[in-house]
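Between the sequences and the hints, there should be enough to build the whole structure, so can you do that?
There are 2 protein chains.
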Amino acid sequence: MTGSPALQPVDPRAVQQVLDGRWAHVRQDAREMLGTPEYAVVHGESMTEARARISALTAKLAATGQVGLAFPAAYGGSDDAGGSVAAIEMLALADLSLMVKAGVQWGLFGGAVQALGNQRQHDAYLPAILSFDLPGCFAMTETGHGSDVQQLRTTCTYDPATQTFDLHTPHAAARKDYIGNAAQDGRMAVVFAQLVTQGQGRGVHAFLVPIRDADGSPMPGVTIGDDGSKAGLLGVDNGRLSFDHVPVPRDMLLDRYGQVAADGTYSSSIENESRRFFTMLGTLVRGRVSVGGSASSAAKVALEIAVRYGDVRRQFAAPGEDREVVVNDYLVHQRKLLPALARTYALAFAQEELTSTMHDVLIAEEPDDAAQRELESRAAGLKAVQTWHATATVQLCREACGGAGYLAENRLPGLRADVDVFTTFEGDNTVLMQLVAKGLLTGYRDAFGSLDGWGRAQFVADQVRETVLERTAARGLIQRLVDAVPRRDEDTSMLDRGWQLRAFEDREQHLLDGAVKRLRKNAATKRDRPFDVFNDVQDHVLATAQAHVDRVVLEAFVAGIERTPDPAAKALLGRVCDLYALTTIEAEKGWFLQHGRLTPARAKTLTSVVNDLLRELRPHMRTLVDAFGTPEPWLNAALLTEEPARQAEMAAHDAALRRAGTEPQQAATATDLAVAPAQ
Amino acid sequence: MTGSPALQPVDPRAVQQVLDGRWAHVRQDAREMLGTPEYAVVHGESMTEARARISALTAKLAATGQVGLAFPAAYGGSDDAGGSVAAIEMLALADLSLMVKAGVQWGLFGGAVQALGNQRQHDAYLPAILSFDLPGCFAMTETGHGSDVQQLRTTCTYDPATQTFDLHTPHAAARKDYIGNAAQDGRMAVVFAQLVTQGQGRGVHAFLVPIRDADGSPMPGVTIGDDGSKAGLLGVDNGRLSFDHVPVPRDMLLDRYGQVAADGTYSSSIENESRRFFTMLGTLVRGRVSVGGSASSAAKVALEIAVRYGDVRRQFAAPGEDREVVVNDYLVHQRKLLPALARTYALAFAQEELTSTMHDVLIAEEPDDAAQRELESRAAGLKAVQTWHATATVQLCREACGGAGYLAENRLPGLRADVDVFTTFEGDNTVLMQLVAKGLLTGYRDAFGSLDGWGRAQFVADQVRETVLERTAARGLIQRLVDAVPRRDEDTSMLDRGWQLRAFEDREQHLLDGAVKRLRKNAATKRDRPFDVFNDVQDHVLATAQAHVDRVVLEAFVAGIERTPDPAAKALLGRVCDLYALTTIEAEKGWFLQHGRLTPARAKTLTSVVNDLLRELRPHMRTLVDAFGTPEPWLNAALLTEEPARQAEMAAHDAALRRAGTEPQQAATATDLAVAPAQ
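Chains as they are written, first to last, in UniProt numbering: chain A, 1 to 679; chain B, 1 to 679.
Mixed in with the good hints there might be a few duds.
Heads up, the list lumps identical chains together, so a pair's fine if it works in one copy or across two of them.
The calculated lysine to any residue pairs, modelled on SDA-like cross-linking and capped at a C-alpha distance of 20 Å, are [to be verified]:
1. Lys-336 / Met-47
2. Lys-517 / Ala-601
3. Lys-336 / Leu-477
4. Lys-604 / Arg-335
5. Lys-60 / Gly-35
6. Lys-521 / Asp-612
7. Lys-604 / Asp-539
8. Lys-60 / Gly-76
9. Lys-336 / Asp-536
I should point out that these hints are in silico values taken from the structure, not numbers from a laboratory.
Small disclaimer: the values here were computed from a predicted structure and weren't measured.
In structure tokens:
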């Protein structure tokens with residue numbers, strides 16, 4: 001229907017191979033070692049039961065070697081940061097509570113000790129961290145400051161007389177909050193606080209602080225609260241920490257980026273306080289990459305459940321036929337599931353590329369500031385886009401499974417509740433998208449400096465073009481594809497990859513140019529209202545960030561297709577990429593029409609091309625979810641086994657009635673619209 | 001900024017008065033009688049605890065007289081169907097589990113006995129139903145048939161020898177499922193089953209069937225299952241019912257629309273089986289109206305929590321100032337909350353109008369078929385639109401409250417989980433929107449007949465215009481407003497109400513015309529594929545239904561403003577209506593551009609007019625949520641009391657530091673974008 005050769009049947013394993021990517025061995029290990037019912041979610045647990053089970057499972061997981069990949073080989077790890085992301089994405093397919101618990105222990109807590117601590121601290125703590133003998137917390141967020149972490153109000157003041165820091169929570173808003181491992185298991189915490197020494201604030205630093213003694217009682221001066229029941233993630237013991245002048249020995253400062261001598265003299269290799277802080281944060285980028293990828297795992301599981309259910313579930317008879325229609329055959333059901341599936345594929349390729357870039361940046365001999373800044377921007381954008389996508393996708397899958405989707409036994413409620421907070425933690429998505437926009441506006445140079453008053457708009461404008469046009473993946477191929485499209489593109493097929501790429505690029509470029517122009521104008525006309533200079537274009541700036549991430553994702557998809565060896569799999573992925581590209585353009589149709597990038601006639605064609613793609617991909621829906629390679633025990637949705645059995649039994653019963661000459665209930669048709677009230 | 005006089009401060013009570021509407025007395029009674037902490041949600045309960053509490057509270061509620069409004073005065077009710085909807089909307093502000101439990105008992109179960117039963121049955125059962133001494137179920141949906149209830153597979157076969165029916169579940173897919181009151185409390189159930197008598201199927205009928213004895217044990221032949229843990233609504237005991245040849249006495253058929261004589265002779269005043277069934281269902285329309293309105297209650301509570309939090313919560317400093325910025329001052333935060341708030345207002349007026357229409361149709365002396373069909377279509381569309389809106393709104397409010405929004409103590413997780421299934425029960429929203437479309441396509445005539453093969457497309461086309469142009473509210477006023485707009489509207493202000501109304505109307509008309517044309521064409525060209533005739537335009541047809549509901553809602557809003565006595569309140573509501581109208585057009589900008597209804601220049605103006613409206617409405621956000629009149633104890637979100645106290649303490653602490661000459665932490669600015677990793 002799309003003018004190309006019809007798609008051939010595809011072996012899901014050929015697609016899985018491409019999705020598994022550079023860390024295929026890590027993913028396969030996880031399937032083989034952990035792909036059992038023991039690691040599957042348990043439905044309907046109380047918070048107490050869930051916490052106990054997840055704590056025990058986390059300890060067990062520690063022994064598998066699946067969790068320490070990112071740590072140095074000297075401590076039992078594999079020096080494999082990318083592998084650790086792949087491993088946690090696999091855990092997320094099984095259970096998001098387990099994934100978060102592992103992420104807190106080995107990603108945030110262990111990762112902070114590794115990235116911010118010194119050799120002595122590594123020797124002293126990393127082995128017990130890896131083995132989970134020392135469960136720990138990452139205590140950064142405060143009740144009053146989450147997004148703006150530079151403004152944390154907890155203080156840690158050095159006293160040369162005692163050679164200790166005084167860690168203190170000055171008021172309720174400075175309480176550490178939402179801290180995983182705090183309410184139940186944590187023995188130590190990496191606490192972020194404003195370092196004060198010799199009467200001078202030095203900005204936020206991290207301190208290693210015991211919070212419970214060997215009996216599990218809070219240490220003197222430490223008050224531990226429980227965040228209690230949450231929307232989801234019941235197995236994670238989030239809590240609150242307050243410190244009442246708690247003494248912290250000098251050598252418990254994680255001092256890689258800032259040192260305090262015995263006499264209180266402060267030293268650091270990075271002079272600028274803001275820059276120092278963001279350098280410290282930058283070492284923790286792996287957490288954000290893990291969260292984005294794990295959210296996508298939730299989307300994959302939800303789609304597999306909804307697609308498989310929709311392939312057997314029937315409702316309303318086809319006109320003039322005995323059979324009831326399988327719900328995946330309805331156009332509007334395809335309109336829900338298939339674009340979400342296509343976007344999940346696109347994001348999987350983008351996540352793979354991000355993980356790979358992260359790995360290479362982290363193992364590089366020479367630090368590359370520009371690469372680090374770009375990595376952080378990419379991690380922020382993909383975290384936001386993947387977590388929003390996951391929330392929306394799990395929701396649509398819940399609705400696509402009807403009442404069954406609301407029962408805990410069918411997995412979707414738990415997935416929905418667990419993944420919800422992913423849009424908030426590791427950075428509120430809206431704030432992260434602003435971070436992406438800021439990176440674009442400053443051309444990645446000085447990405448974390450202040451843009452106070454936006455006086456630099458002129459500078460910004462000069463930087464823009466080279467930045468945007470920098471390709472992110474498969475540079476040569478993409479340039480060739482784009483170059484091959486004629487400038488007057490009315491006659492170009494919308495399935496032309498170069499046309500799609502250029503549409504995405506064009507949108508990003510135009511939005512960015514517009515944002516810069518408006519900021520420059522505001523900087524001139526709103527000098528007396530500096531807040532409004534930025535705030536008045538905030539929506540425009542965020543749209544720019546979205547367009548940028550969309551383009552990065554499309555380029556990663558194109559590069560992923562290029563790497564696919566199996567021809568049938570490659571053709572299928574090509575069509576999925578078409579659907580991602582064209583539904584993204586369709587969602588922004590207003591912009592493309594408004595800016596003369598689509599004529600009304602082309603916009604109309606777009607709708608029918610998308611619908612043709614849905615029809616073409618319909619027979620491959622099951623293949624596309626099978627290719628995620630999720631171990632069957634992890635799916636753990638009753639309807640996956642029960643609905644096919646029920647449908648078979650009903651069909652046999654209907655057939656028996658027909659043989660006996662008693663018709664089954666006269667079929668209503670799919671165009672009839674009887675609907676039951678609720679119960 | 002919008003060229004109109006600036007808005008004056010408004011007393012929320014002046015707005016509340018308009019929102020409270022025709023059943024203000026019912027709403028005020030509920031506030032006074034039930035507006036206590038006892039009726040507020042309890043956070044973090046187990047399912048067992050929630051069920052016990054809600055059952056006890058339901059019994060208590062029975063004694064208040066708030067739940068029987070719809071029943072005849074002879075049985076202790078008030079013959080006030082509209083009032084009963086207002087009452088249940090109030091319960092939904094307090095606790096959605098309680099609302100659903102009450103809805104099952106007095107809406108569905110009691111409502112079915114009332115609407116489908118005879119005088120003797122009323123006398124025998126209604127008193128005990130009203131007092132909750134006889135808790136009951138509405139057993140319609142089966143595991144295998146939810147949307148297509150005409151195809152239920154449970155059978156009820158009459159045997160003249162014993163003068164009993166034989167109620168039977170032939171296979172697992174015919175099991176009654178998701179049935180409220182079934183798992184724990186129900187003593188009887190209204191069971192919908194295929195009636196067979198004298199060897200002939202008579203279609204679905206309702207039977208009153210005891211399911212538990214006085215001790216609470218299942219009756220012989222009745223198997224009761226528990227749906228167990230769900231996403232939300234933990235206080236509602238949903239369960240499953242199967243029947244193994246259960247004998248049902250002849251007089252337990254609810255026989256208002258179909259009677260079986262002792263010898264098995266069937267009689268009915270409605271000959272056509274389908275028509276009879278949908279007439280029966282039509283008497284139950286109150287359930288759908290209640291569900292839509294209750295979902296909107298959830299949206300109101302969520303918005304009040306998010307708006308009040310956003311009015312005190314600060315994050316990032318304003319450039320060049322000491323103060324941190326209140327999050328409601330960010331344009332993008334306004335872009336999230338205010339359009340949702342405007343739409344909530346719009347839907348409130350539409351719901352009020354729907355309830356009023358329903359009430360008048362139900363009390364009419366002479367049944368009016370056309371009015372009944374239109375009511376059912378309106379109820380279906382508003383149920384779908386309100387429940388989707390509620391799910392999306394609670395979600396955005398959750399995200400707008402950040403990590404705090406994820407904690408059970410802050411109410412939003414429970415609201416989110418509870419309201420989720422509202423898009424599914426009382427009819428899957430997508431199926432309901434098809435019902436609306438079908439109503440439009442057939443000009444409300446023969447609305448429930450089959451459109452098999454769509455051979456009637458010609459007939460359809462003839463019906464279209466008069467149907468669409470039928471005004472739904474404030475007919476005269478709206479016609480005058482529309483007529484006053486010049487046909488060439490490039491120069492008309494987008495704040496002109498007539499322009500807005502015409503844009504909505506125009507879109508609906510054009511979509512409907514297009515759908516009819518495409519269906520006619522398909523009927524001719526796809527004769528051999530009757531399923532595809534309809535399925536290929538399903539997306540177009542659903543867009544038509546959406547446009548129709550949007551227009552109905554806007555007209556109701558306009559009529560509501562017209563009824564507002566207080567001039568300041570009227571002006572404010574006018575601006576809120578502008579925002580609803582223009583953000584709806586903005587969301588469909590692609591369509592308006594594609595069809596030449598907006599020029600690119602106008603589309604650009606649209607964005608800035610919307611942003612101006614956000615700035616203009618910003619100071620009134622609090623007024624707009626206060627006007628919902630939700631009793632403070634029902635809000636029950638810890639952050640509403642704790643965050644203002646925390647902010648005050650932090651401000652006092654910062655001020656003390658300044659007085660002492662020690663600056664608080666140097667303020668980062670709102671354009672800086674530090675972001676904490678997750679914990």
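Here is what the structure says about each hint:
Taking CA atoms no more than 20 Å apart as the test, Lys-336 paired with Met-47 passes in neither setting, with 33 Å inside one copy and 32 Å between copies. Taking the shortest alpha-carbon separations for Lys-517 and Ala-601, only the inter-copy value of 18 Å comes in at or below 20 Å, while the best intra-copy value is 31 Å. When the C-alpha separation of Lys-336 and Leu-477 is checked against a cutoff of 20 Å, the pair qualifies neither within a copy, at 31 Å, nor between copies, at 39 Å. Taking CA atoms no more than 20 Å apart as the test, Lys-604 paired with Arg-335 passes inside one copy only; the shortest distance there is 16 Å, against 29 Å between copies.
Taking the shortest Cα distances, Lys-60 and Gly-35 sit within 20 Å of each other inside one copy (14 Å), while across copies they are farther apart (49 Å). Proximity of Lys-521 to Asp-612 under the C-alpha cut-off of 20 Å is restricted to the inter-copy arrangement: shortest distance 18 Å between copies versus 45 Å within a copy. Proximity of Lys-604 to Asp-539 under the C-alpha cut-off of 20 Å is restricted to the inter-copy arrangement: shortest distance 13 Å between copies versus 27 Å within a copy. In this homomeric assembly, Lys-60 and Gly-76 come within 20 Å of each other (Cα to Cα) only inside a single copy, at 16 Å, whereas the closest approach across copies is 62 Å.
In this homomeric assembly, Lys-336 and Asp-536 come within 20 Å of each other (Cα to Cα) only across copies, at 15 Å, whereas the closest approach inside a single copy is 34 Å.
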